[in-house]
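Colleague: Here the protein sequences come in this chain order: Y and U. Quick note on the working numbering: the first sequence kicks off at 1199 and runs consecutively. Quick note on the working numbering: the second sequence kicks off at 4 and runs consecutively.
It is worth saying that the hints were derived from the structure and are not from the lab.
Heads up, simulated EDC-like pairs for lysine to aspartate or glutamate below, C-alpha to C-alpha not over 16 Å straight-line: (1) Y:K1406 with Y:D1419; (2) Y:K1401 with Y:D1419; (3) Y:K1324 with U:D214; (4) Y:K1421 with U:E178; (5) U:K215 with Y:E1405; (6) U:K215 with Y:D1322; (7) U:K95 with Y:D1280; (8) Y:K1406 with U:E178; (9) Y:K1277 with U:E228; (10) Y:K1461 with Y:D1439; (11) Y:K1277 with U:E100.
These numbers come from a predicted model, not from an experiment.
Given next are the chains, with one letter for each unit.
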Amino acid sequence: MGLLSQLKQKYKTLSIVGMAKNAGKTTALNYLIEEAMDDGVVLGITSTGRDGESCDLVTGTDKPRVFLDTGTIVSVPVKLYDLADAGLEILCMTNYSTALGQIMLCRVAESGYVQIAGPVNTNDQKIMCREMLAYGAEIILIDGAIDRKSIAAPDASDAIILSTGAVISRSIKKVVEETAHIVALYQLPELEDGNARDLILSKQEREKIMLIKGKQLELLDLKTGLTAGKFLDEAIDQETDYIYIPGALTNSVISDIHPAKMKQVQFILKDPTKIFIDAMHWQQLRKKGFTVKVLENITVAALTVNPHAPAGYSFEHEALLKAIRGAIDGIPVIDVKLGGEFSETI
Amino acid sequence: MSSHTTCAAAATTAVDLTKVKPYGDTMNDGMIQLSFTLPVPYGEEANEAAKILAKKMGLDEPAVVFSKDMVGFTYFVMYGKCQHTVDYTTIKVTKVEVDVMDRLECEKYIAENIKRDVVIVGACSGTDAHTVGIDAIMNMKGFHGHFGLERYHGIQAINMGSQVPNEVLIAKAIETNADAILVSQIVTQKDVHISNLTNLVELMEAEGIRDKVILVCGGPRISHEIAQELGYDAGFGAHTYAEDVASFVLTEIVKRKLI
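Okay, chain Y solo, but in the shape it has when bound (with noise of 0.2 Å):
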């Protein structure tokens, strides 16, 4: 049994999440509509940016271009609707304007080449997914763009292929060490049920920093942690037990934080895509005693690996493989140029 069949077991929608630019996202789509073809999977495929243009608009360099069989489901802006080679039967038209035209539901009468494109914002996308299923996708498969990992949120799918490759560097210790930190992040431990839990979703929608101190819930009156600091800092006493931070976790949220005070506070996340702190700088608030955990992590369904960058310099399949396999532990890796045997590594 393929990969895809096996996904579609446990989830409705799949976003494709690039470490980089290039890595690969799109070679990864058309692996997975490949086997979609091969096992009469009925597919629905729509992207966070555009997809299928066979040149790259920032490096010039060639692009894999999408290729899509009868009876898909495919969301398609009017503009790009005329360049589509596959015969394309228009659903509906939604009310999801881009910067390409509005975009159309349509579904493949006659395969061919298709241009995909998506709304550009994760709430748009949440409510045309479903749209697509409700026309007969038994899967849908959100293609990201660039390397924007908003998608990855937990309430934008269901699960992510974290697609990661040679282009990230050009030393696969590298390559290893970031995928290995998102990977990581991704499956941050969730907060457990209990008294936090219960104060922080009952007031979730308020969309606050809070604070925790035994029973007491605080609320911060702040727009955002955003450059907030030294607010945070004389905000959080000795009683504070955790801090709920709903919006980006970057380092001018938490910089001018007392280091005794970051031990002691238990950070609280929304999910794993709120943080914006990279490998290095997160090792060292780890080793300060840093700790976060998420209301929701994100499921990690599969890794695709890309031993080529467009840049020219090439990994040898193995070894990159091998590299990944080695760092990361009960998700399945593939390599998207190489395919094969990914079966039993499941």
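Given the structure of chain Y, go ahead and fit chain U onto it with the hints provided.
Modeller: Leaving out everything else, chain U in the frame of chain Y:
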């Protein structure tokens, strides 16, 4: 090949838009002027090197019309005939589609449709220190006789200047309840503007304000098409003035019911 085309070219004065060629003195002569420097000493050999290079670039009858000794280097001006053509009729460029209103029309549009002050925060973000772009759009005096957003009644324009970290820009937008964020990227190395621009979108998503704010980027290396791929609402390239940006932002506010 060339003899055939030159014959045909000499006979015609009308443009064939499916086969456009550079124009020198006559239609379709393909004449091109180019200048460059080679790291070789000035002399006959240098001229020959330049000619060989031009030939490799696909230019017929390359001629060095000027060369100058740059001490160890040689600077050239060359002419040559381009053999390639472009089918102008098939070119499609995605542009921001909006009916551009001038300043007074924008002010009237705000008064009639939005009925409150519109807040626009702008910055030249990341490592970029070149404020020329954001200033041209926002500064009161504007650029080329087109007044900037600061001059518009009904627009509260906040120009944060250069090298503004994305986090600071977003914090400001949240603090001021901004309707739109304008980001300018002028000079960046190794496509760092791309990762900087996506980082801004990602931070906005994380802060939960992406669908509440109109996000626009601009700069000489920005096109509307790239903007879409990066997750922006619009991208403006060179030759954009305040009224182009204002018209887009204002109509988008009304269209998306962010009034």
